[in-house]
Every structure is written in C-alpha cells, then in structure tokens.
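Colleague: Sequence:
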Amino acid sequence: MPAHDRTPSLPRRWWWGFVPFIALSVIHVGARFAGAADIADPTKLTLMPLLAVGAVWAFRGAGPRTGRSLAVPAVLLLAALLFSWFGDGAATLFPFAPELPVMLASFGIAHICYIWLMTRHIADRPFPRWALVFPLWWIAMLVALWPALGSLAPAVAAYGIVLAGTAATAARCGKAVASGGLLFLASDTILSFRIFMPEAMPDWTSGMVMLTYCAGQGLLVAGIALHRTSPRTAEGKQAGLAARPARPLAS
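Mapping of the sequence shown onto the numbering used here: residues 2 to 252, in sequence order.
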C-alpha cells in the first residue's frame with residue numbers, strides 16, 4: 002500500500018493540543034454568525050496562537066520517534082501561523098498602517114511559508130488533474146473583481162497567485178491538507194467579495210468566512226503535523242526509497 006494511503010496511528014493525546022483552538026473557533030464562529038462583535042473581535046486574535054500551541058504539542062518528541070529532523074518544518078509552520086495572526090489582527094496590531102495592504106502582505110508571506118513547507122517536506126505525489134481549477138479560479142476572480150480593485154489590483158492579483166499556490170500544493174499532500182487548502186481558498190474568496198462587492202454579500206457570509214478559515218487552517222496544520230510526526234509516514238517514505246530500482250553506473 003502506498004505510504005500516503007496509510008492511516009497514521011498516533012496516541013489519542015496527540016490531538017489534545019488542538020482542543021483549545023477548536024473550542025475558541027466554535028465560540029468565535031458562533032459569535033460571527035450571531036453578529037456579536039464584542040465576542041468575535043477579541044476571540045479572533047486568539048485563534049492562530051492557539052493553533053500554534055496545537056502544532057507545538059503535536060511536534061513535541063516526534064524527532065526521535067520518527068528519525069527525522071523537524072526543525073525546519075516546525076519553523077516554517079509556526080512562521081505561517083505568525084504571519085496569519087498578523088493578517089488576522091492587522092487593524093489592531095498595526096493601527097498606523099492601512100489595514101488591507103497589511104492583510105495582503107501578511108497572509109501572502111504566510112502562504113509562501115506554507116508552499117515552501119509543503120513542497121520541500123510534505124508533498125508525496127504529483128499535482129492531480131483537478132488542480133487545474135486553481136488557475137481558472139484566479140482568472141475568474143480577477144475578471145469578477147477587477148472593476149472594484151482600483152489601485153489594489155496588482156496586490157490582489159499577486160495574493161491570488163500565492164493563495165491558489167497553497168491550495169494547489171496542498172493537493173499533493175493528502176486528504177486533510179488538501180481539504181485545508183480548499184477551505185482556505187473558499188474563505189478568502191468569500192472575504193474578497195465582502196470587501197470589494199459588499200452589496201452582493203449577505204450578513205451571514207461573515208460567519209462563513211471564519212468558519213471556512215478556521216477549518217482550513219486547522220486541517221492544514223493538523224494534516225502537516227500528522228504527516229511529519231507519524232512513524233508510519235516516515236517508514237513509508239523510507240520503504241518507498243528502498244524500493245526504487247538502483248540506477249546503473251555509467252560505463
């Protein structure tokens with residue numbers, strides 16, 4: 002059975018670190034749907050730090066267990082969450098700067114970290130054919146939003162490339178990570194229309210932005226951590242390398 006089709010076996014306590022993130026996500030998303038800004042606004046700033054706690058919990062002690070160095074993947078994952086947090090709190094953390102450009106820059110860097118991490122350390126299969134939908138999505142979004150983008154058009158176009166890049170690269174990394182990439186893409190798609198075409202978006206889409214965002218980030222992080230910390234995926238990769246036929250020496 003291919004390594005990426007195996008279900009990793011991990012102790013139940015591996016998941017405990019994600020419980021605070023899940024709990025606050027439920028509270029935050031519920032507050033968004035209810036229009037309770039006094040709860041939604043402060044809880045938003047707790048989401049990525051709590052997800053980072055879950056990632057650290059998942060990675061702890063995994064190096065000796067799997068026989069793989071986790072330093073670079075862990076740093077890239079935490080960097081992605083840090084810049085995602087900057088994007089979440091752009092107005093609060095950077096009150097002296099325009100909110101939307103800070104959001105685009107912060108999340109853009111987060112996506113670059115995700116792409117680098119997945120390409121170098123997680124991806125274990127080629128791009129699936131259905132990933133061709135992502136460049137088509139990018140073109141369709143620009144066509145739909147271009148009249149409303151104004152001076153932000155180049156920045157939004159560039160951000161769309163790295164957002165689609167994360168989703169496409171995630172498609173090479175297993176079901177959990179691929180689902181996370183798709184949900185992140187869905188979240189930013191809804192958010193884009195809320196920002197640039199607000200008259201077309203009902204109030205409940207605010208909750209949908211955060212529901213898909215929390216689920217997307219959670220699946221990305223849990224899927225990446227699961228891949229890197231599971232002994233089975235480590236053994237599967239080693240077995241796959243061992244099974245490759247040796248190249249004949251050049252005469």
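Where hints are given, some of them may not hold.
Quick list of the computed label-pair ranges, beta carbon to beta carbon [claimed, not checked]: (1) W147 / W117: 27 to 33 Å; (2) A159 / W16: 20 to 26 Å; (3) R14 / A141: 39 to 45 Å; (4) R14 / L150: 46 to 52 Å; (5) R61 / I162: 21 to 27 Å; (6) G36 / L94: 33 to 39 Å; (7) R14 / A145: 44 to 50 Å.
Taking lysine to any residue and the SDA-like style, the derived pairs with C-alpha atoms no more than 20 Å apart in a straight line are [stated by the list, open to error]: (8) K176 / A216; (9) K45 / I191; (10) K176 / W15; (11) K45 / T206; (12) K45 / F128.
It should be emphasised that the hints constitute simulated quantities derived from the structure, not laboratory data.
These numbers were taken from a predicted model, which means no experiment stands behind them.
Even for Gly, the Cβ is constructed at its ideal location relative to N, Cα and C.
Colleague: Taking the hints in turn, state whether each one holds.
Modeller: Hint check:
no.: 1; hint: W147 / W117: 27 to 33 Å; in the structure: holds, 29 Å
no.: 2; hint: A159 / W16: 20 to 26 Å; in the structure: violated, 36 Å
no.: 3; hint: R14 / A141: 39 to 45 Å; in the structure: holds, 44 Å
no.: 4; hint: R14 / L150: 46 to 52 Å; in the structure: holds, 47 Å
no.: 5; hint: R61 / I162: 21 to 27 Å; in the structure: violated, 35 Å
no.: 6; hint: G36 / L94: 33 to 39 Å; in the structure: violated, 24 Å
no.: 7; hint: R14 / A145: 44 to 50 Å; in the structure: holds, 46 Å
no.: 8; hint: K176 / A216; in the structure: holds, 13 Å
no.: 9; hint: K45 / I191; in the structure: holds, 17 Å
no.: 10; hint: K176 / W15; in the structure: holds, 19 Å
no.: 11; hint: K45 / T206; in the structure: holds, 16 Å
no.: 12; hint: K45 / F128; in the structure: violated, 33 Å
Going through the hint list in order, the structure does not satisfy hints 2, 5, 6, 12.
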